[in-house]
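Engineer: Chains as they are written, first to last, in this note's numbering: chain G, 336 to 605; chain E, 593 to 936; chain P, 5 to 290.
In case anyone wonders, no lab produced these hints; they're calculated from the structure. None of the values given here were measured: they were computed from a predicted structure. Where is the CB? At the ideal position from N, CA and C, for every residue including glycine. The reader is advised that the hints may include incorrect statements.
[Unchecked claim] Lysine-lysine pairs mimicking DSSO-like chemistry, simulated, CA-CA at most 30 Å apart:
1) 801/E <-> 91/P
2) 879/E <-> 257/P
3) 497/G <-> 801/E
4) 222/P <-> 257/P
5) 879/E <-> 91/P
6) 91/P <-> 222/P
7) 400/G <-> 879/E
[What the hints assert, rightly or not] Over the 12 Å line for every Cβ pair with chain P, so calculated as not near, a few chain E residues:
8) 723
9) 759
10) 817
11) 892
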Amino acid sequence: MNAIASPGVAGSTALAAEGLVKHFNGITATDNVSLTLPRGARHALIGPNGAGKTTLINLLTGVLKPSAGRILLAGEDVTTASAQQRVQRGLARTFQINQLYAELTPLETLVMAIMQRRGNLMRWWQPVTRQREACDEAVALLERLGLGSVMAERTSTLAYGKRRLLEVALALACQPQVLLLDEPAAGVPHGERDEILETISELPRDVTLVLIEHDMEMVFRFAERISVLVSGALAMEGTPEEVAASPLVREVYLGGAHATATAAHARKGA
Amino acid sequence: MSAVSETGLASRAAAHASLVAARRLRPAEIAFWLMPIAGYFLFPDRLALLSEIAILGLFALSLDILLGFAGIVSLGHAAFFGLGAYTAGILGKYGWTEPLSGLAIAALVAGAVGFITSFLVLRGNDLTRLMVTLGVSLMLAEAANRLGWLTGGADGLTGVMIGPVFGVFEFDIFGVTAYWYAVGVLFVLFCLARYLASSVFGLTLRGIKGNSLRMAAIGAPVNLNLVTAYTIGAAYAGVAGGLLAQTTQFASLDVLEFQRSAEVLLVLLIGGSGYLYGGLIGAVLFKLMHDLLSDLTPQYWQFWLGILLVVLVLSSREGVRGLYLRVAARFARSRHPGRKGGAA
Amino acid sequence: MLTVLFDGVAYGMLLFILSCGLSVTLGMMNFVNLAHGAFAMIGGYATAQLMNEAGVPFLACLPVAFLIAAVLGLVLERTLYVRLYRKSHLDQVLFSIGLAFVAMSTMDYFFGAQQRLITLPDFLRGQFEVFGARIGVYRLFLIILCGLITIALQLFVSRTRIGSQLRAAVDDARVAGGLGINVSRIFAGTFAFGSGLAGLGGALGLDLLGVDPVFPIKYMIYFLIVVTVGGTRSMVGPFIAALIIGVADVAGKYYVPQVGAFVIYTVMVVILMIRPEGLMGRRATR
Ligand SMILES: Nc1ncnc2c1ncn2[C@@H]1O[C@H](COP(=O)(O)OP(=O)(O)OP(=O)(O)O)[C@@H](O)[C@H]1O
Ligand SMILES: [Mg+2]
Chain G
336 MNAIASPGVA GSTALAAEGL VKHFNGITAT DNVSLTLPRG ARHALIGPNG AGKTTLINLL
396 TGVLKPSAGR ILLAGEDVTT ASAQQRVQRG LARTFQINQL YAELTPLETL VMAIMQRRGN
456 LMRWWQPVTR QREACDEAVA LLERLGLGSV MAERTSTLAY GKRRLLEVAL ALACQPQVLL
516 LDEPAAGVPH GERDEILETI SELPRDVTLV LIEHDMEMVF RFAERISVLV SGALAMEGTP
576 EEVAASPLVR EVYLGGAHAT ATAAHARKGA
Chain E
593 MSAVSETGLA SRAAAHASLV AARRLRPAEI AFWLMPIAGY FLFPDRLALL SEIAILGLFA
653 LSLDILLGFA GIVSLGHAAF FGLGAYTAGI LGKYGWTEPL SGLAIAALVA GAVGFITSFL
713 VLRGNDLTRL MVTLGVSLML AEAANRLGWL TGGADGLTGV MIGPVFGVFE FDIFGVTAYW
773 YAVGVLFVLF CLARYLASSV FGLTLRGIKG NSLRMAAIGA PVNLNLVTAY TIGAAYAGVA
833 GGLLAQTTQF ASLDVLEFQR SAEVLLVLLI GGSGYLYGGL IGAVLFKLMH DLLSDLTPQY
893 WQFWLGILLV VLVLSSREGV RGLYLRVAAR FARSRHPGRK GGAA
Chain P
5 MLTVLFDGVA YGMLLFILSC GLSVTLGMMN FVNLAHGAFA MIGGYATAQL MNEAGVPFLA
65 CLPVAFLIAA VLGLVLERTL YVRLYRKSHL DQVLFSIGLA FVAMSTMDYF FGAQQRLITL
125 PDFLRGQFEV FGARIGVYRL FLIILCGLIT IALQLFVSRT RIGSQLRAAV DDARVAGGLG
185 INVSRIFAGT FAFGSGLAGL GGALGLDLLG VDPVFPIKYM IYFLIVVTVG GTRSMVGPFI
245 AALIIGVADV AGKYYVPQVG AFVIYTVMVV ILMIRPEGLM GRRATR
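Only chain G is shown next, with the shape it has when bound in the complex (with noise of 0.2 Å):
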């Protein structure tokens, strides 16, 4: 589909930050942040709460202004793109709580989320019941997430479980060739916590992923590398058992030695 990068620059750089910062009132949320992720990359973010992982995504999509510092996204400077330029050019997000529309079914959000995209003037003015393939889009998504039975309801409705996977979808719908997923298992009880995540595993190998979780264990079945933030700055970086390893990392984060052991054991698994 949009073939945002060409074949050449392939394998190279999805997404980068160089020096973010950003202060609240007095806080630095974000403080001389640099990150780069290659295309392809399954990256996780730890940090403890508050360490401002949700800020630092708000910065990377333009949700925040960041008061100093750069992001690339594929190569072109987006420092000063709207949160609207980025999604079109590629960049989708989940949020940490839900960013739903109470009033809309899913199948509707879903289809308004696709002709979002494919931003036809034309068929802009057409009633929606026109949008045929944007329906069956929205309806094979749906039905992928396991929200089938439910795409015809209202989402004020729906189970929280059912609204946190809506939500995947919702940033699915973008196609993102860059996705960072705010804590999308947070609140959802374990059996569907697996689902989440293996919808997330099932995209596309070219399609960049960063996931913030806080459940080790799923972290380290997802991630290859993973960042750790600690009061805003990065405090390490590096492989799934390099920071499993880190006694800086137990101390702030894991606090115990199981972690290097989980670590092993989902590796192995995977």
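Starting from the structure of chain G, add chains E and P with the ligands where the hints point.
Structural biologist: Just chains E and P with the ligands now, with coordinates in the frame of chain G:
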């Protein structure tokens, strides 16, 4: 994209059917639109009032496009109503007497001003929007007051001449032509609004009203949609104002007054916003109430208006639609005692 | 020139007294009270009635105007306004417009549509000349009185416990409640005091503005401009805004009468565009 399973096909069809069901023409709608015809035969001597209802309904519909669909609050919607009224009136006064083109120009002028001022209301929260819309409408009212040579100032714009509709139907002293003209324009514009509401654009507006943060995060041009909605709403209001000036052959400063902006909000409050019919139902009830109460105490209509506003807001702003939904929910519950009542 | 400046300052001071209650309800309690002018109108009518019908001296009327408006504000706050603190701004606007309409038609019913005026006592009338500027005695009185009230207000808000309690109550009602601060009592007191000041302003403004049943709507925009332009974070912003608007309005009407109130509306819209938080407001972190 080759082999589609049978269940896949079935669910696609079901999905499509659910979208279609959401915009199907309901019997109640047909019944609603028979009312103007019934009104004509039942109250042939109250056609002026019925025309006013149609015009107020169109004005409230225009506000509904802003408030009910795009979620833009306005405390100065009379600005566009007044612009349309003065445009159509001035055209008629200076020789452009063809009514439909006069209305079209009124819509264009109001829409153009709406387009320009829409950029002012994009920024800021509800409070800023309320203040800015109020400020813009007061500026226009002051301008109309100052430009007495054009608008007639405090004396009003007199000498408005309007030619026959379609070159055939002269405006008569019984207000028959005026009535059908107003109702016809209302009907056509309502159908257009209904069509727009069911379009991708309409869905996008509902999305923006529901969650504009997420709308930006799925790459929607939020501001472009808001500007479009504001412009359309302004143009609709302009047509309503134009209709008033043409059917009464008069326009005065009160078309731009703050009271009119407040009144149309109340109309929408009575009828309920966001489903297109609210403005029309509200207009019927409002005008009937006005008629009744100002017969009782002609001078103190404003008092009842105020009481109504206070009561409606205190009763959590549901209007007649909320009332209807609650009664319907209770009715459904009593018929199916086993089921829990749906969220009304 | 100096005369215009002087008159403008007097007018601005009056505007500040009239609108500072609104600035508190809007800025600190986050409530849009478009009926604020109604309290000023009540104060104005009370004074006009007392002076013209009962022969009460002007200065004695001022505290009465304050009290009547304050008590009315207190009653309405406890019975009606209190239900709307948590509602949307649109709801608050509609509600308070309704209240203003009721007040306006009630005054119309009892006192008729014509404007009420008063005759000031002798010692407040007349004017004298200083450095070529004609100084009206009453305007000088206005400046001094309003200036004193303003200083008292500022001291009150910044020095006393009630001032800081109000700020705590507004910043976080739950925490303030936990600290043993009676939030609803503070809100009611503040509202009543703001309404009282408006009533006092209505009385003080009788000589300049008169009072009639459309007073609340006629001057609503001025109050709103003062508050929106001045921002709502402190007393200083609205005070400066009121002075600027007072001077601008008097000067505008004096030098370019054909433009009228246009200037003021434009100023408001432009400022709202540039600084949606108001001139002195904190910049939104975004
Ligand atoms: N809009 C804002 N205004 C002021 N401070 C903010 C804002 N957003 C975040 N913060 C502060 O920035 C810091 C980082 O918050 P952030 O939400 O990014 O943390 P997080 O790592 O996502 O935490 P969690 O794991 O709880 O989601 C916190 O101290 C928070 O209070
Ligand atoms: Mg977070």
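Engineer: All the hints need checking, so say for each whether the structure fits it.
Structural biologist: Against the structure, the hints:
no., hint, in the structure
1, 801/E <-> 91/P, "holds (17 Å)"
2, 879/E <-> 257/P, "violated (39 Å)"
3, 497/G <-> 801/E, "holds (22 Å)"
4, 222/P <-> 257/P, "holds (16 Å)"
5, 879/E <-> 91/P, "holds (28 Å)"
6, 91/P <-> 222/P, "holds (26 Å)"
7, 400/G <-> 879/E, "violated (50 Å)"
8, 723, "violated (5 Å)"
9, 759, "holds (41 Å)"
10, 817, "holds (20 Å)"
11, 892, "violated (5 Å)"
Consistency with the previously given hints fails for numbers 2, 7, 8 and 11, ordered from lowest to highest.
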